[in-house]
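Given next are the chains, with one letter for each unit.
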Amino acid sequence: QQQVKQSPQSLIVQKGGISIINCAYENTAFDYFPWYQQFPGKGPALLIAIRPDVSEKKEGRFTISFNKSAKQFSLHIMDSQPGDSATYFCAASTGNNFNKFYFGSGTKLNVKP
Amino acid sequence: ETGVTQSPTHLIKTRGQQVTLRCSSQSGHNTVSWYQQALGQGPQFIFQYYREEENGRGNFPPRFSGLQFPNYSSELNVNALELDDSALYLCASSFDGLSMGTEAFFGQGTRLTVV
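Just so you know, the protein sequences line up as chains A and B, in that order.
Quick note: the first sequence, position 107, residue 107 per the working numbering, numbers continuous.
The number in the working numbering is simply the position in the second sequence, starting from 1, with 1000 added.
In isolation and in its complexed conformation, chain B is listed as follows (with noise of 0.2 Å):
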């Protein structure tokens, strides 16, 4: 198991809600990114977040949102729900330095469906 974890593991959302999902990252890394995975597909970047600020955006509506707090920890917010937006959420933590990084671990995911 990765030290990284992601909550909550399921959730059940009506179209127009919003919500929060949750990302712990492992001790000693510094940034998250985003991925969403719809079924029977490959993760699809959203956005990553470095020491708090976020740093890069993939193709994705700014409905769509993050936080990274001081501890590294990040949220991925969603608004105004989409039935689309019905996937497994996964969040991979890593850390980067000025001229090296490590290899990126990834929570076991957030179940979202969207009804």
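Isolated chain A (complex conformation) (with noise of 0.2 Å):
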């Protein structure tokens, strides 16, 4: 059972648009919320990471919401640059522990110049 669902699988924006991608989890114990960067033959790379005391966490282009009581959270790329093409993987983690993941199954984008 996947404790952590993404969606879309894939997603093509044009450049200077709006990218978003959304994951449900089902555990009321995770407690901290990473979205990954993944680049082929790259390890995944920390993009931003938000905790449930907050709705919103806003760095620089990116912007994770969070609702807790829909157990949903989404990520939005502003501006979309071919540069941001990549995968993008959802996270979720309870306690302290930031290096015991469990994963969404990762977005695909494609952003058009």
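Since the hints were derived computationally from the structure, they do not count as laboratory data.
Here a beta-carbon is modelled for each residue, glycine too, at the ideal position from N, C-alpha and C.
One thing to keep in mind: the hints can contain errors.
To be verified - Label pairs and their calculated CB-CB ranges:
#, chain 1, residue 1, chain 2, residue 2, range
1, B, H1010, A, G60, 29 to 37 Å
2, A, E26, B, T1113, 28 to 36 Å
3, A, D53, B, I1012, 42 to 50 Å
4, A, Q2, B, V1115, 22 to 30 Å
5, B, G1016, A, G16, 50 to 58 Å
6, B, N1077, A, Q2, 21 to 29 Å
To be verified - What the simulated footprint calls covered on chain A by chain B, stretch by stretch (three residues with Cβ under 8 Å from a Cβ of chain B suffice, anywhere in the stretch; the number is not a length):
#, segment
7, 42-55
8, 70-78
The two chains are supplied separately, each in an independent frame; assemble them into the complex guided by the hints.
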């Protein structure tokens, strides 16, 4: 049973557009929700993360929206650029362990010039 | 680039063989987790080592085993390889203290192909 469900599987966005990726979880013990970016041939790299005590976190063009009651969170990429083309993974963990994650299945983003 | 290095980068093994993958942690980190990433899927947690002791295990059989050394580097061993073990194996290191921890940094992975 997948603990974190991610959609869509793939996404095509025009340069300058907004990319939105959604995740849902079941385990209410999860209390740390990072998003990772992975380029081909590379390991995942932390992009942005949120705790459930806030509903939104913004870092530059990247924003996480968090809905605790719905057990959903999403990544918004504003002004998407071709360099953002990568695979994005949402993840969740419990406690203060920042290295024991349940990952979503990934979203392959393609930003068209 | 992160300070986490994995070796080898690619490996081809025959079904039934054994394999050892290695991970060098980022300086100052005391925790290493291993993940299996099948093609087109998200990483799946295999196990974690904290200060040389196993600290949690995912849904993987006992033929997946590991070690962490005093310098916090780590090995992943897989016995009796199966075709389904073909995947990218990632290690991630972090620092875990009594009341705080740092983000995890991933290595570039080892691509294992079982034929």
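Hint check results:
1. B:H1010 - A:G60: 29 to 37 Å: Given a distance of about 34 Å, which is inside 29 to 37 Å, the answer is holds.
2. A:E26 - B:T1113: 28 to 36 Å: holds, 34 Å
3. A:D53 - B:I1012: 42 to 50 Å: holds, 47 Å
4. A:Q2 - B:V1115: 22 to 30 Å: holds, 28 Å
5. B:G1016 - A:G16: 50 to 58 Å: 53 Å Cβ-Cβ, so the 50 to 58 Å window holds.
6. B:N1077 - A:Q2: 21 to 29 Å: holds, 27 Å
7. 42-55: Answer holds; 6 residues pass the 8 Å Cβ test.
8. 70-78: Coverage by chain B is violated for the segment 70-78 of chain A (0 residues, Cβ < 8 Å).
When the structure is compared with the earlier hints, a violation turns up for hint 8 alone.
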